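Asks: With the numbering used here applied, the sequence shown corresponds to residues 12 to 422, in that order.
Think of the hints as simulated: they come from the structure by calculation, not from any bench. Bear in mind the structure is a predicted one, so any value in this text is a computation, not a measurement. Check each hint, because a few of them may be wrong.
DSSO-like cross-link-like pairs, simulated, lysine-lysine; straight-line CA separation at most 30 Å [what the hints assert, rightly or not]:
| id | residue 1 | residue 2 |
| --- | --- | --- |
| 1 | K110 | K198 |
| 2 | K274 | K55 |
| 3 | K274 | K421 |
| 4 | K176 | K39 |
| 5 | K234 | K329 |
| 6 | K234 | K106 |
| 7 | K55 | K106 |
| 8 | K307 | K137 |
| 9 | K176 | K109 |
| 10 | K174 | K337 |
| 11 | K342 | K261 |
| 12 | K274 | K307 |
| 13 | K377 | K232 |
| 14 | K59 | K137 |
| 15 | K106 | K59 |
| 16 | K176 | K346 |
| 17 | K137 | K198 |
| 18 | K174 | K198 |
| 19 | K283 | K234 |
| 20 | K261 | K176 |
| 21 | K422 | K294 |
| 22 | K59 | K232 |
| 23 | K283 | K137 |
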Amino acid sequence: MTRSGNNLLLLGMLSLQQACNAPVNKEKPVYTKGSYGYAADFLKENTKRVLELSTDDGMSKVLLSADYQGRVMTSTADGDSGISFGWINYDLIGKRTKKAQFNPVGGEERFWLGPEGGQYSLYFAKGDSFNISHWQVPPIIDTIPYQVLDKDSTSVTFTKEAKLKNYSGTDFHFVIQRRISIIDKSKLADMFSFSIPDDVKSVAYQTTNGIKNIGTEAWTKDKGLMSIWLLGMMTPTPATVVMIPFSGGKNAKQNITDDYFGKIPADRLVVKDSVLYFQCDGKQRGKLGLSPAIAKTFAASYDFENNVLTFINFPVDKLGNYVNGKWEIQKEPYKGDVVNAYNDGPLADGSQLGPFYEIESSSAAKELGAGDIQTYQQVTCHLQGSYESLKKIVHDLLHIDLDDVKTTMKK
């Protein structure tokens with residue numbers, strides 16, 4: 012070999028050695044919109060205090076925001092590249108501005124307070140008419156950040172002191188406390204006594220929500236009470252159906268309200284003997300609710316496009332006082348709903364908040380003396396897997412035939 016050949020060989024070996032010793036430049040993965048990783052990166056970039064809960068394997072994750080009142084923004088059952096189950100208003104959050112009336116930033120479980128309408132409303136000032144121009148979401152559940160009381164990899168507790176005045180002029184001085192804990196697959200199966208096959212991925216969490224009267228006056232029915240109201244904004248698909256089981260009977264349907272925003276069309280809402288199916292595709296606005304007289308402790312949805320089962324589990328107090336949220340002075344202000352479902356759609360002017368759909372639950376409203384506390388728990392779960400596996404879970408857990416849902420709603 013010639014001298015020049017030896018030099019070239021030496022240079023090549025040196026270059027190879029340098030390449031092997033050079034640090035590996037790992038680029039941050041880029042996630043597609045609609046994935047959990049995209050949502051997490053976006054919120055970390057555009058908000059200040061984002062927290063994350065995770066199971067040991069890192070596949071089930073729950074994303075929380077202290078900026079947005081300790082709400083669960085979204086979750087995944089399949090790691091960062093998995094589906095982002097919560098609906099997030101990227102456009103509004105990206106503007107980094109606050110609207111005066113209501114900031115629909117999204118989130119698959121947010122803490123609110125009821126009632127919305129009526130003489131004990133927390134969303135209308137005394138003497139105002141019950142229309143959208145006077146409706147005002149209280150800042151304590153809309154724009155004010157909450158404090159982080161404690162946190163670890165599986166749970167976070169948020170807290171905030173608050174003052175509110177209802178439509179009748181009653182003052183409330185209280186402390187909010189909200190704890191979110193992730194639930195792993197094994198514990199989830201034990202909680203609800205059902206089997207989760209290996210081909211089904213899951214993410215679940217429990218929220219424990221409390222309000223403590225730190226004022227000097229007792230809260231009484233005749234002056235108005237508050238309820239804890241949990242609302243979940245989920246991402247819709249053309250093939251998403253909400254399923255709510257209830258206790259059937261001769262007068263059961265009288266305990267279902269389906270005309271909050273006008274009567275829901277028959278092709279979108281089917282009410283059977285002990286279950287209702289509600290089309291939730293984010294294309295036509297409608298809301299329904301069930302009273303505690305017939306409500307059971309579950310409400311769910313099924314996305315036939317992605318084979319995702321979502322359910323919430325909550326307590327029902329058959330003798331409880333549930334606030335009436337209708338926008339009117341009410342004859343029965345404590346004859347309200349325990350569970351609601353909402354499908355978003357275009358407003359009269361053609362604009363739209365979403366699209367999203369909601370599954371909601373409410374606590375009973377309780378009289379609290381000075382120093383008394385009311386707590387309310389809810390579990391939210393998403394299961395993703397094969398149709399046959401999820402069909403069995405729906406049957407075992409909810410006593411609903413998924414084939415019947417598909418046939419009835421033509422999915």
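Asks: Take the hints in turn and mark each one as holding or not.
Replies: Status of each hint after checking the structure:
Using a Cα cut-off of 30 Å, the hinted pair K110 and K198 is violated, with the two alpha carbons roughly 40 Å apart. The hinted pair formed by K274 and K55 fails the criterion: a straight-line CA distance of about 40 Å is larger than 30 Å. Pair hint K274 plus K421 holds up; C-alpha atoms about 21 Å apart against a cutoff of 30 Å. Under the criterion of a C-alpha separation no larger than 30 Å, the hint pairing K176 with K39 is inconsistent with the structure, at around 48 Å.
With a C-alpha separation of about 22 Å, the suggested pairing of K234 with K329 holds against the 30 Å cut-off. For the given pair, K234 sits about 40 Å from K106 by alpha-carbon distance, which is inconsistent with the 30 Å threshold. Proposed proximity of K55 and K106 is supported: the alpha carbons are some 14 Å apart, at most 30 Å. Distance restraint check for K307 and K137: the Cα-Cα separation of roughly 35 Å exceeds the 30 Å cut-off, and the hinted pair is therefore not satisfied.
Annotation: proposed proximity of K176 to K109 holds, straight-line Cα distance about 22 Å (limit 30 Å). Taken as a hint, the K174 and K337 pair is honoured in the structure, with Cα atoms around 23 Å apart against an allowance of 30 Å. This hinted pair checks out: K342 and K261 have alpha carbons roughly 24 Å apart, not beyond 30 Å. Of the pairs offered as hints, the one joining K274 and K307 holds, with about 23 Å between alpha carbons and a cut-off of 30 Å not exceeded.
The suggested pairing of K377 with K232 holds, with an alpha-carbon distance near 8 Å, which does not exceed 30 Å. Our distance criterion of 30 Å between C-alpha atoms is broken by K59 and K137, whose separation comes to about 35 Å. Distance restraint check for K106 and K59: the Cα-Cα separation of roughly 14 Å lies within the 30 Å cut-off, and the hinted pair is therefore satisfied. At most 30 Å may separate the alpha-carbon atoms for a hinted pair to count; K176 and K346 meet this at roughly 21 Å.
Under the criterion of a C-alpha separation no larger than 30 Å, the hint pairing K137 with K198 is inconsistent with the structure, at around 47 Å. Under the criterion of a C-alpha separation no larger than 30 Å, the hint pairing K174 with K198 is inconsistent with the structure, at around 37 Å. Only pairs whose Cα atoms come within 30 Å are accepted, and K283 paired with K234 is rejected, the gap being roughly 38 Å. For the hint linking K261 to K176, the alpha-carbon distance of about 40 Å lies beyond 30 Å, and the restraint is violated.
Note on K422 and K294: the hinted pairing holds, with a Cα-Cα distance of about 16 Å set against a maximum of 30 Å. Note on K59 and K232: the hinted pairing is violated, with a Cα-Cα distance of about 39 Å set against a maximum of 30 Å. Of the pairs offered as hints, the one joining K283 and K137 is violated, with about 41 Å between alpha carbons and a cut-off of 30 Å exceeded.
The structure shown violates the earlier hints numbered 1, 2, 4, 6, 8, 14, 17, 18, 19, 20, 22 and 23.
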